[in-house]
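First residue of the sequence shown? That's 1 in our numbering, and the numbers climb one at a time after it.
Simulated crosslink set (SDA-like; lysine to any residue; CA at most 25 Å straight-line):
1) K45 with G22
2) K45 with G12
3) K45 with R64
4) K45 with A4
5) K45 with I100
6) K45 with L20
7) K45 with R14
8) K45 with T32
9) K45 with D3
10) K45 with H21
11) K45 with E61
12) K45 with A9
13) K45 with R18
14) K45 with A55
15) K45 with D8
16) K45 with Q65
17) K45 with S56
18) K45 with G31
19) K45 with R35
20) K45 with Q25
21) K45 with R29
22) K45 with A15
23) K45 with I19
24) K45 with S57
Hints are computed from structural coordinates only; laboratory data are not their basis.
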Amino acid sequence: MYDADFLDAAGGDRARARILHGLLQQVARHGTDERLREMAGEVLKGTVSLADAAASSYYGEAIRQQATGFADWYHGLSETERGEQERAAAAAVAAVREEIDREAAAARHTRE
Numbered sequence: 001m002y003d004a005d006f007l008d009a010a011g012g013d014r015a016r017a018r019i020l021h022g023l024l025q026q027v028a029r030h031g032t033d034e035r036l037r038e039m040a041g042e043v044l045k046g047t048v049s050l051a052d053a054a055a056s057s058y059y060g061e062a063i064r065q066q067a068t069g070f071a072d073w074y075h076g077l078s079e080t081e082r083g084e085q086e087r088a089a090a091a092a093v094a095a096v097r098e099e100i101d102r103e104a105a106a107a108r109h110t111r112e
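Start from the sequences and build out the full structure, keeping to the hints where you can.
What follows is the structure, given as C-alpha cells:
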C-alpha cells in the first residue's frame with residue numbers, strides 16, 4: 001500500500017502510485033544528480049512530501065533540469081516514436097494494474 005502522498009501525486013491511481021514509488025527507489029539508488037538522489041530518499045522515508053520537494057528551490061531546480069532534458073528528448077521524437085512510447089507506458093501501467101488486482105484477489109482468497 002502506498003501513502004496518501006503517492007496516491008495524491010498519482011491522481012488516486014494505485015498503479016501509477018506504485019510506479020512512482022518504484023521510480024523514486026531507482027533515483028534514490030542510481031540517480032546521477034546528487035540532489036535528486038537525496039530528494040528521492042527523503043520522500044521515500046517520509047521526511048519530505050513530493051509537493052514540498054518539488055516546491056523547494058534546492059530540489060525544484062534539479063527536477064526542472066531533468067524535466068527539461070526529458071522534454072527536449074520527447075520533442076525530438078517522431079510522431080511514430082511518440083506513439084510507441086505512449087503505448088509502452090500504457091502497457092506498463094496496465095501490467096501494474098493487473099499485478100495489483102492479482103494481489104488483491106490473493107489477499108481476499110487468503111482471508112476466506
